[in-house]
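For this one, chain A is given, so just place chain B on it according to the hints.
Here the protein sequences come in this chain order: A and B.
Residues in the first sequence are numbered from 1 upward in steps of one, following my numbering.
Residues in the second sequence are numbered from 1 upward in steps of one, following my numbering.
These aren't lab readings, by the way, just hints derived from the structure by calculation.
Be aware that one or more of the hints could be misleading.
Quick look at which bits of chain A chain B covers, simulated, 3 or more residues with Cβ under 8 Å [unchecked claim]:
1) 5 to 14
2) 36 to 50
3) 225 to 239
Please read these numbers as outputs of a predicted model, since none were measured by experiment.
C-beta atoms are modelled at their ideal positions from N, C-alpha and C, and glycine is treated no differently.
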Amino acid sequence: MKPAQFEYFAPTCLAQALELLEEHGDDAKVLAGGQSLMPMLNMRLARPNVVIDINRIPDLDYISPAPNGGLAIGALTRQRTVEKSDLVKERIPVLAAAVPSIGHFQIRNRGTMGGSISHADPAAELPAICLALDGELVLSSASNQRVLKAEDFFLAPLTTAIGPGELLTEIRLPARSQEWKWGFQEVCRRQGDFAMVGAVSLLQMDGGGVCQSACITMFGVGGTPLRIGRAEEALLGNRISDGALQDVSRIVSEELDPDSDIHASAAYRKEVGGVITRRALEAAINSVNGDDRA
Amino acid sequence: MTNANRAIKLTVNGKEYQSSVEVRKTLADFLRDELDLTGTHLGCEHGVCGACTILFNGDAVRSCLMLAVQADGADLTTVEGLAQGNDLNALQRAFQENHALQCGFCTPGMLMTAYAFLQDTPDPTEEEVKEGISGNICRCTGYAPIIQAILQTSKGPALVLPTKDEG
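For reference, chain A alone in the conformation it holds in the complex (with noise of 0.2 Å):
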């Protein structure tokens, strides 16, 4: 018998679950896809008293439509859902290049995006792409619903804003109009394993290729998913030119502070920072939305 011995509901909708975790704060975990929470109970890293099982309330797995062209992503739903969806391909193509590097597709069966999100791993690709995104996250509890913006959200390494009493209900991402361009890069041993480095550029470029907003997100190099706002100055009403690609190249390798772990060292994540980004804002240079780039 691998996990510790807890007390396990099962709610099936949403007032009970929110009912239970009122009653049971800090004392319970909250089980989604199990992904990150299944290991941990059974390598007893996490030991909670109470486990409140979300799998039985269907009221949390949707993709609507948000009127504003974006997306609103119910808690509960499968990343592979998200992978399959045409709606997150034509609203959010971004989204959908990211979440096939989440995992395997085993694990994206069962993984869910409000799991990941609420997770926080600082190398998961689904933060940064609600960061870069300027993503909102809907957290509810008994008695109160408040919407946070993605940047107030992710506080540091597996820790969010999210507090005693209150589940993660919906991700909303907003839509980014036709002009913006979008690269995905990340950096891992193998196929599906956590990235080392990962990178997303958001691009939105005038008719003569001159840079009108930018925003460069790192992830795996930091406590949380990082903006690189000198980076994304530089480039800022510039012409993206080779010689630009290399300075915001530099810029980034110099800001970012990774740690050394038994993946990657600091210095390579570093040096491989500044690679990635490149790649990724080439890749967002060099296509339009919606491409389909393997």
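Here is chain B on its own, set in the frame of chain A:
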């Protein structure tokens, strides 16, 4: 109260089971210890090796990363459910013909992964097969024949599960 047993009812390989399980028991342990379906192997028990892959309502999943109680009402297929009696299915035969197993420990997970992969991608390229099995570790490192076996199977008729009852 804590850790109380729960009654569950589920279908595995077309056969109905009813059982009472401790809520902390993983689905993999339940299949092996309670149902005696020891074809499902346990390697890492944290979702990395893929040996415990089964089909859960048709989807390939890690059975070590689910609780048995979560399978209440579900329809599962384990490696024991691939063959029709003693007749191996085409995927299993292809593994045999291509020597796609050495020690055999990863084989049940490879077969279930390959089965689900081929349902989704009936005519894969070699590259797609490699990515398809990237979540399954073979420590004999016999990947080349495994890839061959899966490609060979993809050239034949579509795989179906044996018909037992309505399951």
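Check of the stretch 225 to 239 of chain A against chain B for coverage (Cβ-Cβ below 8 Å, three residues minimum)
violated (count 0)
At a Cβ distance under 8 Å, does chain B reach at least three residues of the stretch 5 to 14 of chain A?
holds (count 5)
Three or more residues of the stretch 36 to 50 of chain A near chain B by CB distance under 8 Å?
Contact hint for the stretch 36 to 50 of chain A vs chain B: holds, 6 residues under 8 Å.
In terms of the numbered hints stated before, the structure departs from hint 3 and from no other.
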